[in-house]
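Position one of the sequence shown corresponds to residue 5 (this note's numbering), numbered consecutively onward.
Hint data in this document are derived by calculation from the structure and do not stem from the laboratory.
Glycine is no exception: its CB is placed at the ideal position from the N, C-alpha and C atoms.
It is possible that some hints are incorrect.
Simulated DEER-style distance windows between Cβ atoms [claimed, not checked]:
| # | residue 1 | residue 2 | range |
| --- | --- | --- | --- |
| 1 | Thr-55 | Lys-13 | 37 to 43 Å |
| 2 | Glu-89 | Arg-7 | 33 to 39 Å |
| 3 | Ile-149 | Glu-101 | 27 to 33 Å |
Straight-line distance between alpha carbons at most 25 Å, and here's what the computed DSS-like set of lysine-lysine pairs gives [to be verified]:
| # | residue 1 | residue 2 |
| --- | --- | --- |
| 4 | Lys-158 | Lys-69 |
| 5 | Lys-83 | Lys-24 |
| 6 | Lys-69 | Lys-13 |
| 7 | Lys-69 | Lys-162 |
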Amino acid sequence: LARQGDVTKIEGIALSSHLKERGVSERMVEKCSEVLGSNGYSARIEIIHDTLALQRGAVLAIYAKTSSGCVIGADRAGKPRRTSEDIGRYVARNLLEDLATGATVDRYLADQLIFYAALADGVSEYRIPELTEHVETNLWLVESILGAKTEVNKNLVKIQGIGYHRRPN
5 LARQGDVTKI EGIALSSHLK ERGVSERMVE KCSEVLGSNG YSARIEIIHD TLALQRGAVL
65 AIYAKTSSGC VIGADRAGKP RRTSEDIGRY VARNLLEDLA TGATVDRYLA DQLIFYAALA
125 DGVSEYRIPE LTEHVETNLW LVESILGAKT EVNKNLVKIQ GIGYHRRPN
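Go ahead and model the full structure; you've got the sequences and the hints to work with.
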């Protein structure tokens with residue numbers, strides 16, 4: 005997937021456990037929507053108030069779908085002294101940063117896809133937000149261990165897979 009395409013929608017969830025009275029989910033959504041809105045995007049983010057969890061907690065996860073079929077996401081969990089507003093701002097900025105690079109996968113998926121692409125048959129290619137140490141390490145691993153051929157040109161990763169097939173029992 006070498007072309008990002010246009011963003012067709014942004015969706016997500018804001019989940020908080022035992023924090024409804026503090027408006028944690030609502031505040032995460034409000035700040036996230038504000039940052040996205042100031043950059044020309046709107047989002048549909050579902051608010052979930054969980055009462056089944058054993059402890060308090062919160063998370064905001066959003067993703068953008070594009071016209072070329074990309075799903076690019078960002079998320080952040082809450083922790084003590086991390087405000088709802090900080091979470092909303094952080095998540096929106098991460099998504100916007102990854103979209104701005106023309107990437108077809110987000111920063112968290114970029115290195116994880118490498119092993120699957122190396123095992124697949126044929127050439128897999130996708131654009132990454134940035135070349136990280138995790139990406140470099142995983143590319144080295146699949147070359148060294150599996151014998152896959154890899155190439156990175158700017159932010160385009162190409163992997164010639166080995167065509168792995170499971171042996172029948």
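Right, here's what the structure says about each hint:
1. Thr-55 - Lys-13: 37 to 43 Å: violated, 29 Å
2. Glu-89 - Arg-7: 33 to 39 Å: holds, 34 Å
3. Ile-149 - Glu-101: 27 to 33 Å: holds, 32 Å
4. Lys-158 - Lys-69: Between Lys-158 and Lys-69 the Cα gap is close to 23 Å, so the pair holds against 25 Å.
5. Lys-83 - Lys-24: holds, 16 Å
6. Lys-69 - Lys-13: holds, 5 Å
7. Lys-69 - Lys-162: holds, 22 Å
Violated hint for the displayed structure: number 1, the only one.
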